[in-house]
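S.K.: Heads up: the protein sequence lines correspond to chains U and D, in order.
Residue numbers 1 to 1172, in the working numbering, belong to the letters of the first sequence in order.
Residue numbers 1 to 290, in the working numbering, belong to the letters of the second sequence in order.
Honestly, the hints are just simulated from the structure, not real lab data.
Warning: the hint list may mix true and false statements.
Claimed, not checked - Far from chain D, by Cβ distances over 10 Å, these chain U residues were calculated:
no.	residue
1	277
2	371
3	976
Unchecked claim - The calculated EDC-like cross-link candidates involving lysine to aspartate or glutamate, where the alpha carbons are at most 16 Å apart (straight line), are:
no.	chain 1	residue 1	chain 2	residue 2
4	U	1115	U	1028
5	U	533	D	234
6	D	251	D	234
7	U	1018	U	1121
8	U	536	D	97
9	U	284	D	218
10	U	583	U	661
11	U	533	D	97
12	U	535	D	53
13	D	225	D	277
14	U	536	D	218
15	U	535	D	55
16	U	628	U	1058
17	D	197	D	218
18	U	540	D	53
19	D	108	U	1022
20	U	618	U	688
21	U	960	U	854
Where is the CB? At the ideal position from N, CA and C, for every residue including glycine.
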Amino acid sequence: MTWVFLAINTLLIFGATSSDSIQVGGSFGNVFKNAPFVIQNYYSVMSIITLLMTTAFVSASTLRDFSYNTHQIIFSSPVARMQYLVGRFLGAVVASLIPLLGISLGIIIGCAMPWVDAERIGPFILDAHLHGIFFIGLPNTLFTGSVVFLVAALSRNSMTSFISSLVLLVLTVVAGEVADDLDKEWLSVLMDPYGASTYSILTKYWTVSDKNTLVLPLSGLYLMNRIIWMGIGLCITWITASRFSFSERIIKSKRKSAEIPLEEKPVQPLPLIVPEFGKKSLRKLFAGETIRELKDILKSPAFIVIMLAGLLNFVPGLFLRKGAYGLTSHPVTWWMINSIQGSFYSFLVAIITIYSGQLVWKERDNRMDEIYDATPHPTWVTFLSKFSAVGLLIFFVQLMLILFCVTAQLSKGFTDIRLGVYFTHLILIDFSGLLLLVLLSMWLHTVINNKYIAFFAFVAFLLLNSFIWGVMDIESNMVSYGGRPEFTYSDMNGFGPFLRGIFWFRVYWYLFAILLGIFTLLLWTRGREFNFKSKKAAIKSRFTPALKRWTLVIAGLWIVCGGFVFYNTKILNKIETSDAREKRQADYEKTYKKYEGIPQPRITDVKYKIDLFPEGRKLNVHSELWMKNKSDIAIDSVHFTLPEGFEVKINLRDSKLVLNDKRLNYRIYKLAHPMLPGDSLKFEFSADFIAKGFENEVAYTSVVDNGSFFNNLDFSPMIGYQQGAELSGRDERKDQKLPPAERMPKLERNCTSSCMNNYLTNHADWVNVETLFSTDSSQVAVAPGSLIKKWNENGRSYYHFKLEQKSLYFYSFISARYQVLREKHNGIDVEVYYDKKHRYNVDKMARSMKRSLDYYTAHFGPYYHKQVRIIEFPRYASFAQAFPGTMPYSEAIGFIAKIESKEDIDMVFYVVAHEMAHQYWAHQVIGANMQGATVLSESFAQYSALMVMEKEYGKDKMKKFMEYEMDNYLNRRGSEELKEMPLMLVENQGYIHYRKASLVLYYLREMIGEDHMNAALKSLIDEYAYKEPPYPTVYAAIDAIRAQTPDSLQYLIKDLFETITVFNNRAVSATVEKLGNERYNVTLNYECNKYRADSLGKQTAIPVSDWIEVGVYAKPEGDAEIGKKLYLGLHHITASKGKITVMVPALPYQAGIDPRNLLVDLVGDDNLVKIE
Amino acid sequence: MELIIQDLCKTYPGGVKALDHVSLTIPTGMFGLLGPNGAGKSTLMRTLATLQEADSGTAFLGDLDVLNNKVEVRRTLGYLPQEFGVYPRMSAQAMLDYIAVLKGITNKSERKSLVEVLLERVNLYQFRKKNISGFSGGMKQRFGIAQSLIGNPRLIIVDEPTAGLDPGERNRFYNLLSEIGEQVIVILSTHIVQDVKELCRQMAIIDKGKVLFSGAPDAAIDSLKGKIWERSIEKTEMEDFKSRYNVISSKLVAGNPLIHIFNHDDPGNSFKATGADLEDVFFTRIGGLA
């Protein structure tokens, strides 16, 4: 057994090492395949995964004597008891440690494979392997083993041992969840018996280079953790071994009845009762049996323990779960359901796995089978009652979960409870799916007729069924057992377009499942014949003519239904497997990349006529566009890349369609008269979408019943070759034999031709847009610009919108049943379009828009649109996005965010301010398509939002916000996929252009002052707003900032923008000296280390010559974290260690270097020290 | 009514012939099926109890085709398997009630009174609320008999019911069995000769799947009259005697083996004639001597 597990582990890790599609414990980004970090992680994760294995070994070896009934023999023999037990135990621990060696084996073999990218393999580091085995594997196995040893010795029951290890697992998970709260990290560092979260917390700021080279040293908290848990393990072992009772346990005397003789009594005749086997009594029998089985499960300790473990995992989350910036949500129903799926369903599947199998074997396990099978009950009663019992069990569990959720909702004062949603989601969809699993499991147990192999087969099936079809390139729900389209419930759009497909796939699989059920019934083991051949007679007698007829009918229905599903998913709609799609994308690139960058006309003016029919999910677009030859040579043909999912017709006068590649969606029109430089040409297109039947997976959720949200690029033919349509994943590109893609073109300082496109579109610059938008009269439609006219006709509403200011060729169209909040602010319409269920944060949003307008118009320049709109859209996506004057915002984020206490970070306010800032940073000034482009849009939007936020909430609140930004940046840079870039060269990397930029720009503002900072930004607006190409690069921004930075601080430009610079500042100690007259001298001992990091995070210390803040604070009052500021000043620090003395006017309490954490600091919480 | 078994054969996948052309006629009353361990008794019992399939042959209970009409057979069957377990945490009363449900006794009050009578009958009434898992071996077997009596069976099959019982328990169990074996067919399998001798009017001896004898115990004993001889020997002489005589059994009496041999006439050599008993029949038959 040990060797089998060793083989399995080796294979698993070998797979993870030699291929990117297998992952153990998540993806490690750009880290070496055999990096110490990866090795230690594998040991961490695997020693938890193998928990059950350890349990099996230890419990089997502890219980061996009991299960073979040899305990009387063994324990009466004169083996020294301690020796015997400890020997047994250690043997089992070693046996369960051996399989873990498969990790090292797998990595070593995996790295030797010729197909593994040599760049991804680092040097062999023995230390990491030894560390993994002795400091992770051994203590963990010993600890698990000791607990199981104790439980097994006490209970003498292997089931109880398994349950105890399950409880261990849950405790570990809980420790991990507690760790999510930043404040309690040290606690969870010690609390995790397996050291996995300890390890991940201590390494969370490791850079790629750290991960490649460092072995986490066994010291500090980590050492403590290992010592504590290994110690606990040894203690438990010792206690068990010394207390373990050898004597045959005396069965409690009350339970054992003394033999009583059979008295000689006149024989009483048995009452003559005629057994009944009519329909009615069989129905009664079936119901009775179902209830009996159900009660048995409910009373079984394993069930109770699993339920408790599940609830322990699930219930706290209902109350404590937090999202970004430590915020919680209004407990809307779908949010509660998410909690269930995330934290309870795995337990439910465990219950199904155990009990659907256990019930099949119940009679045999209890050796009741001969009596049971010889009684005259029909076999179907046994099978169906067991099935129904497990079914009812799950049903009740689901009801209970709903009850928990509703209670949690009510306890939070939330009353908008959607019982219908619970019912549809948890019962109609989820429960019906779980039932299919129960049946499958019972079928496997019956067919395989070996309990353990069947358990294994079921679990293996669950795993395989989830991915094997993708690997085999058949991505249809018709082949993956119980398959159905994925779906997302939205408060706005309900179950929307998904239900129909789900329904038909369910019908299809239920018909199949009935056949499976009949098969199970026929093969059901009754009596002592187990193989198929000898069961033949039984099958024959069970397969009555009536059942045969039914089987035929069901099979017929199944085939018909299958045909219907096939027609809908494969003929009316298409299933494109991910392989096929990747192939197509690769072919697009291979075939047409040659046309990239050839001179093409650019769109200048657009008119749309859009007719949306939400109920039928139908969209008709007709558009007239003007395009202009902005190049200096004549253009004789126009290339189009067509959008997917739309029926597109293009009408280009005096042209000939010379290439029409329907598969790759590429067309070339040859113009009869070439467009000369400066010429304009009109073309028209129509694009139609209509939902047909139902799909295998709902592909396009942008046109729906309530909450349609699509943008112009969704349906428009795009001029020229589109780099955006290329395959982007590194591994996918390799599979398709494409060279690695550059994330972004290289930054150039003086560019002309490479700066002709901005990073959003390559075939338009600033365009005029006019839209005639019609929708159902119950809905409100929004298109870019001002509403000129609105009217109703034939039960439909018509809206005429016109953009008053040329804008980027990237804007949205939205239609839903909205409530609208309308305000006027300095002549600008401030509007929030929201669903009536989500009123919560609407005022906050409006307020943020107004505050943003105030700040931005005062500091950056005029706002050119006549309106600002926030528009809610369904949670098929969860972002907020800025279009000209319009900011769609997902219902999943800001609209239900719950910001109540003063401590909370106002994420809604922040996101709105950020999107508002995009009205300047992106929609007025947009970067050329090259490295650093997103500094101009995302980073400056981030800075702008910080300023608005600071004005509203004050500097203290900003510190908390910045902590999250710092945490996020430091953490995320460690899982960088390719290279961490300096801010200036950012390649659309979120953790850099949002998170790092927050830190950097906020710090820069502190150093050079808000006025200078804003003056720099304003100069950018003045020079580049709405300017035709060439577009500005990040150099424009840096030059502007440099111009506003005093000479003494010029070094900051290099530190903040041009390089990756990190600090490790520490307040070592501080002393105070009273000068009398309420004056004190405070002397601070500090350390200041400054590093430059390369793209993998490899750090090199560099000399310090920086202006850094030094602060002294009074004793905090009440709950405050920090006291009154007594001194805060910039000091020129030039050594990595030193002393600074300052004078303060009151009794000081704390002193520190960079006390406000303005610098990117690897360890931020040691910058303040208590004064001695 | 008789149970007539003809030419029943069963070979296990491993090649073991469990039943080799077994033919028996079993009348009403107690019928003993005697054979050593592994003789095929349990296979025969389970086949009659609808739990196993025969390869060939027939078995009829009156008109009822036992092998092919399992549903009907189960309605008239009481079966006590050689070994059985019970559900943990279940009382005798609850368990009997449960089996009564499975046997089609749907009326709750009828069931209740039936269970009470049965418990009285096997003298477990005062323990009806106790868990069966705490019962002694004899009590558990009495419970087993009680459950087999549910549903007025015409055919009762008890497989090795006395294995593991102490003599007192065994006696009490005999009494119970003999009470019920008046109007119905009771087939009792055992490897203990005593059981058959005390209980059965008809019997069969089987070994290695073959019927070696069937008939009344007395007839069997009569057939050996004057052919069984005994003497006491030294332990060291055992091998010698085994090679010279048909030694059918030996038991220690006062430390020395007392052997029984089968011989048609006086073997001399200090052998004394002894009255044959059923045990001698059993060993003679199994040894293939008569």
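S.K.: Next, verify each hint and record whether it holds.
M.R.: Consistency of the hints with the structure:
1. 277: Residue 277 of chain U is in fact no farther than 10 Å from some Cβ atom of chain D, at 5 Å.
2. 371: 5 Å, violated
3. 976: Given a closest Cβ separation of 57 Å, the condition holds.
4. U:1115 - U:1028: Violated: residue 1115 of chain U and residue 1028 of chain U sit about 57 Å apart, past 16 Å.
5. U:533 - D:234: This hinted pair is violated, its Cα atoms lying about 54 Å apart.
6. D:251 - D:234: Judged against 16 Å, a Cα distance of about 12 Å means the pair holds.
7. U:1018 - U:1121: Distance ~37 Å between residue 1018 of chain U and residue 1121 of chain U Cα, so the pair is violated.
8. U:536 - D:97: 32 Å, violated
9. U:284 - D:218: Outside the cut-off at roughly 50 Å; violated.
10. U:583 - U:661: At roughly 15 Å apart (the allowed maximum being 16 Å), residue 661 of chain U and residue 583 of chain U satisfy the hint.
11. U:533 - D:97: 35 Å, violated
12. U:535 - D:53: Answer holds: residue 535 of chain U to residue 53 of chain D is near 8 Å, not above 16 Å.
13. D:225 - D:277: Within the cut-off at roughly 9 Å; holds.
14. U:536 - D:218: 43 Å, violated
15. U:535 - D:55: Given that 16 Å is the threshold and the Cα spacing comes to 12 Å, the pair holds.
16. U:628 - U:1058: 38 Å, violated
17. D:197 - D:218: 9 Å, holds
18. U:540 - D:53: Holds, at about 13 Å.
19. D:108 - U:1022: 93 Å, violated
20. U:618 - U:688: 8 Å, holds
21. U:960 - U:854: Violated, at roughly 24 Å.
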